[in-house]
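*Asks:* Sequence:
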Amino acid sequence: MGSGTFGLPVLEAIAASGHNLAAVVTAPDKPQGRGKIMTASPIKVWAEAKGVAVLTPLKLNAPESVAALKTVGADVFVVASYGALLSTEVLALPPRGCINVHPSLLPKYRGASPVVQALLDGEKQTGMTIMMMAAALDAGDILLQEAAAVDPEENARELTDRLAKLGGRMTVRTLDLIESGRSTRILQDHSKATYCSKLKKEDARLDWSWSAQKIHDRVRGLAIWPGTVVQWKGKGLKILSALLATAGTSATPEADPSDAGRPGEVVEVSSERGIRVKTGAGSLWVLEVQPEGSRPMNHRDFVNGHAIKPGSVFD
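Each residue of the sequence shown is one higher than the one before, counting from 6 in our numbering.
Just so you know, not all the hints are guaranteed correct.
As the list claims (entries may be wrong) - Lysine-lysine pairs mimicking DSS-like chemistry, simulated, CA-CA at most 30 Å apart:
1. K203 - K64
2. K240 - K205
3. K243 - K219
4. K197 - K41
5. K113 - K240
6. K129 - K55
7. K41 - K64
8. K240 - K203
9. K129 - K205
10. K219 - K203
11. K206 - K238
12. K243 - K64
13. K219 - K238
14. K238 - K64
15. K203 - K113
16. K314 - K240
17. K129 - K243
18. K41 - K243
19. K35 - K203
20. K35 - K314
21. K240 - K206
22. K197 - K170
23. K113 - K75
24. K205 - K113
25. K129 - K197
26. K240 - K41
27. K170 - K243
28. K243 - K206
29. K35 - K170
30. K55 - K35
31. K219 - K314
32. K170 - K203
33. K113 - K206
34. K205 - K219
35. K35 - K243
36. K219 - K113
37. K219 - K41
To be verified - Per label pair, the in silico range of CB-to-CB distance:
38. R210 - T93: 35 to 41 Å
39. K129 - V50: 34 to 40 Å
40. S214 - A141: 36 to 42 Å
Derived from the structure by calculation, the hints contain no laboratory data.
Fair warning: this is a prediction, and the values are worked out from it, not measured in the lab.
Even for Gly, the Cβ is constructed at its ideal location relative to N, Cα and C.
All chains should be modelled from the sequences, with the hints used to inform the complete structure.
*Replies:* Shown next, in the form of C-alpha cells:
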C-alpha cells in the first residue's frame with residue numbers, strides 16, 4: 006500500500022525478493038498540472054508496467070474496499086506512504102499483520118512528515134523503523150530499526166530517497182523474519198513520543214532575522230513542499246539551495262561571514278560562491294533561486310538579470 010515515490014524502492018525490493026507480491030493498493034488517479042490531467046500515482050504506474058494487480062479504492066475503509074482486500078488473500082500488508090489511515094477492520098485482515106515503513110527512529114517524529122521535521126530541527130541523525138501497525142498513529146511495536154546519519158547539506162528530497170532505499174532493504178529483512186517465525190517486537194516508549202508539525206503553505210516564508218543555520222535547515226527541509234520564499238523588489242523569490250557561510254569561504258580574504266550588515270542585506274557577490282546574505286546570526290550563500298513567474302536559475306544568472314550587488318537588500 007503506497008501512493009508516493011517514497012514507496013517505490015520498498016515496492017521494488019519486495020518484488021525482487023522471494024516473497025509473492027499479491028497486489029498493490031494505491032490512491033485513485035488525480036488531476037494534476039495546469040491542464041488538470043488525470044494522473045496515476047507512481048506506484049500504480051510501476052504496478053501496471055509489471056503486470057501486478059492494482060486496487061485504487063476511493064475510500065479504503067468502505068465495506069466494498071474491505072471486501073476487495075479480503076479477496077487478495079495476503080499474509081501481510083506493507084504500508085509505505087499510502088496517505089490514508091487503516092481502520093481496525095483493515096488492520097485485522099492479514100493473518101501476519103500490517104507493517105509500516107516509517108522514516109524516523111520511532112517513537113521520535115510520529116506523523117506524516119518525519120524527514121522534513123528532522124531537517125527543520127537540524128538533526129544530525131535519523132533512521133528507518135519497520136513497525137507492526139496499531140490503531141494509534143505510529144504507535145505500534147518496533148520490528149526493525151536502523152539509524153542513518155544526516156548529511157549537513159542534504160535536502161528533504163535527497164534524504165527521503167536515501168531512506169526509502171534503506172526502508173526497502175529493511176522491509177524484505179522484516180518479511181523474512183516474519184515468514185521464518187523469528188520476528189521480535191519491541192514496545193515503543195510512548196512517554197518519549199514526539200510528533201511532526203503539519204506543514205502549511207505559509208511555512209514557506211523566510212525571515213532574515215533568523216539565524217543562518219535555521220534558514221539553511223528550512224531551505225533543506227522544505228525543498229519538496231512548500232519551498233522557501235523571500236521577497237525581492239516586491240515579488241516572491243524561492244530559495245532553492247543555499248550554503249552556510251563560514252570563516253574562510255569568502256571570495257575576498259578581508260570579507261568575513263561575521264561582517265556587519267542588517268538581516269537580508271547582500272554583503273558579498275561571488276560568481277563562484279554565490280550571493281552572501283546577512284542573517285540574524287551569521288550569513289548564508291544563496292546558490293539557486295526561482296523568481297516569481299520564472300524558471301529556476303543559478304545565482305550567476307539571477308545576479309546578471311537583477312543587478313544584485315553588496316548593499317542590496319532582500320525584503
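*Asks:* Are the hints correct? Go through all of them and say.
*Replies:* We went through each hint and held it up to the structure:
As the CA atoms of K203 and K64 are separated by approximately 22 Å, the hinted pair is consistent with the 30 Å bound. At most 30 Å may separate the alpha-carbon atoms for a hinted pair to count; K240 and K205 meet this at roughly 20 Å. A C-alpha spacing of about 16 Å is found between K243 and K219, which places the hinted pair at or below 30 Å, so the restraint holds. Simply put, K197 and K41 have alpha-carbon atoms about 43 Å apart, too far for the 30 Å limit, and the pair is violated.
A threshold of 30 Å between alpha carbons decides the hint, and for K113 with K240 the separation of about 38 Å lies outside it, so the pair is violated. For the given pair, K129 sits about 38 Å from K55 by alpha-carbon distance, which is inconsistent with the 30 Å threshold. A hinted pair counts as satisfied when its Cα atoms are at most 30 Å apart, and K41 with K64 qualifies at roughly 22 Å. This hinted pair checks out: K240 and K203 have alpha carbons roughly 26 Å apart, not beyond 30 Å.
With a C-alpha separation of about 24 Å, the suggested pair K129 and K205 falls inside the 30 Å cut-off, and the hint holds. Proximity of K219 to K203 is assessed by CA-CA distance (about 18 Å); at most 30 Å being required, the pair is judged to hold. The hinted pair formed by K206 and K238 meets the criterion: a straight-line CA distance of about 21 Å does not exceed 30 Å. About 36 Å separates the Cα atoms of K243 and K64, which puts this hinted pair outside 30 Å; it is violated.
Under the criterion of a C-alpha separation no larger than 30 Å, the hint pairing K219 with K238 is consistent with the structure, at around 24 Å. This hinted pair does not check out: K238 and K64 have alpha carbons roughly 46 Å apart, beyond 30 Å. A C-alpha spacing of about 15 Å is found between K203 and K113, which places the hinted pair at or below 30 Å, so the restraint holds. The hinted pair formed by K314 and K240 meets the criterion: a straight-line CA distance of about 18 Å does not exceed 30 Å.
As the CA atoms of K129 and K243 are separated by approximately 25 Å, the hinted pair is consistent with the 30 Å bound. A C-alpha spacing of about 24 Å is found between K41 and K243, which places the hinted pair at or below 30 Å, so the restraint holds. As the CA atoms of K35 and K203 are separated by approximately 22 Å, the hinted pair is consistent with the 30 Å bound. Proximity of K35 to K314 is assessed by CA-CA distance (about 44 Å); at most 30 Å being required, the pair is judged violated.
This hinted pair checks out: K240 and K206 have alpha carbons roughly 17 Å apart, not beyond 30 Å. Of the pairs offered as hints, the one joining K197 and K170 holds, with about 27 Å between alpha carbons and a cut-off of 30 Å not exceeded. For the proposed pair K113 and K75, the alpha carbon gap of about 33 Å is over 30 Å, so the pair is violated. Among the hinted pairs, K205 with K113 is consistent with the structure: their alpha-carbon atoms are about 21 Å apart, no more than 30 Å.
A C-alpha spacing of about 19 Å is found between K129 and K197, which places the hinted pair at or below 30 Å, so the restraint holds. Of the supplied pair hints, the one linking K240 and K41 holds, its CA atoms being roughly 26 Å apart against a limit of 30 Å. A distance of roughly 29 Å separates the Cα atoms of K170 and K243; the hinted pair therefore holds under the 30 Å criterion. This hinted pair checks out: K243 and K206 have alpha carbons roughly 13 Å apart, not beyond 30 Å.
Distance hint between K35 and K170 is fulfilled; the C-alpha atoms sit about 26 Å from each other, no more than 30 Å. About 21 Å separates the Cα atoms of K55 and K35, which keeps this hinted pair within 30 Å; it holds. Distance check on the hinted pair: K219 and K314 sit about 24 Å apart at the alpha-carbon level, within 30 Å; holds. About 25 Å separates the Cα atoms of K170 and K203, which keeps this hinted pair within 30 Å; it holds.
For the hint linking K113 to K206, the alpha-carbon distance of about 24 Å falls within 30 Å, and the restraint holds. With a C-alpha separation of about 18 Å, the suggested pairing of K205 with K219 holds against the 30 Å cut-off. Of the supplied pair hints, the one linking K35 and K243 holds, its CA atoms being roughly 26 Å apart against a limit of 30 Å. The straight-line distance between the Cα atoms of K219 and K113 is roughly 20 Å, inside the 30 Å bound, and the hint therefore holds.
For the suggested pair K219 and K41, the alpha carbons sit about 36 Å apart, so the restraint of at most 30 Å is broken. Range check, R210 to T93: about 40 Å between beta-carbon atoms, so the 35 to 41 Å window is met. A hinted range of 34 to 40 Å for the beta carbons of K129 and V50 is consistent with their spacing of about 35 Å. At about 39 Å, the beta-carbon gap between S214 and A141 stays in the expected band of 36 to 42 Å.
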